[in-house]
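Asks: Just so you know, the protein sequences line up as chains A and B, in that order. Numbering follows the numbering used here, with no gaps: position 126 of the first sequence is 126. Numbering follows the numbering used here, with no gaps: position 22 of the second sequence is 22.
Rather than coming from a laboratory, the hints here were simulated on the basis of the structure. As the structure is a prediction and not an experimental result, all values here were calculated from the model. Each hint should be verified, as a subset may be incorrect.
Pairs count within a copy or across copies, as identical chains cannot be separated in the list.
[To be verified] Straight-line C-alpha distance at most 20 Å; calculated EDC-like pairs for lysine to aspartate or glutamate:
| hint | residue 1 | residue 2 |
| --- | --- | --- |
| 1 | 10 | 56 |
| 2 | 19 | 98 |
| 3 | 10 | 59 |
| 4 | 10 | 98 |
| 5 | 129 | 45 |
| 6 | 19 | 100 |
| 7 | 10 | 131 |
| 8 | 119 | 59 |
| 9 | 76 | 126 |
| 10 | 19 | 52 |
| 11 | 76 | 41 |
| 12 | 19 | 114 |
| 13 | 75 | 17 |
| 14 | 119 | 41 |
| 15 | 76 | 17 |
| 16 | 119 | 45 |
Each chain, written out:
There are 2 protein chains.
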Amino acid sequence: MFKLNKILSKDTFELCELKLCKVLLMNDQNYPWLILVPKIEGLSEFHLVPSEHQGDLMDDITLASNVLQRVSSPKKLNVAALGNVVSQLHIHIVARFENDATWPGPVWGQIPAEPYPSKVACTLIETLKSEFSSI
Amino acid sequence: MFKLNKILSKDTFELCELKLCKVLLMNDQNYPWLILVPKIEGLSEFHLVPSEHQGDLMDDITLASNVLQRVSSPKKLNVAALGNVVSQLHIHIVARFENDATWPGPVWGQIPAEPYPSKVACTLIETLKSEFSSI
């Protein structure tokens, strides 16, 4: 049975569930940053998503990208499945800006995460949930 | 009409073409590293791949990942569409090892690329081409 990895759980807020994936908001106000986790136990590589679920995965990535684009109007979206530290397959969708902390470099392993103040987190979570339910 | 970005062209060797993508080998012996470039002019975001081509993109990523897995037997594959520097949509597929130069960090923007010696490049290119044609 699928169970969300503990590190992913600790570092994020859960937003909603899509066709295949759980949608998380990374608790790091350096970047608007979603993480999609396919609800399939034991999956660790992007190319090992079973073929019958690949369409749903693409749909989920597209939908989450559109939500992040609408909410944050970034210069660029970075989409990545890395998993060198947490092996459970998870897809990062990160909104990037030319004035963000590590542009144009990657976001991983560069600077410490900066947790949202509670009120900011609550407002952003509500905004994102509302976008996901309306799109 | 689709034209490969000049920076991507300069930094890579062309290997073959799949259903949707041109397949390139990054000229950096720090990591076995493929790049897929969808042959659609003006495309810059992963989620903007037209829905009628998304299946082909997933097939190309799966096939290229399987080839890289067979040829290099990595600990992990990193799959990413970033594009902060080169906006033409390109998907990195990087074979990662626990003893590689930047494990478990990302490969982008960390250390300079280390071009392959010509003979090594030729042998690897032949091996990869042979795998792509046999798979």
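Asks: If any of the earlier hints don't hold here, list their numbers in rising order.
Replies: Per hint list: 1, 2, 3, 4, 5, 6, 7, 8, 9, 12, 13, 14, 15 and 16 violated.
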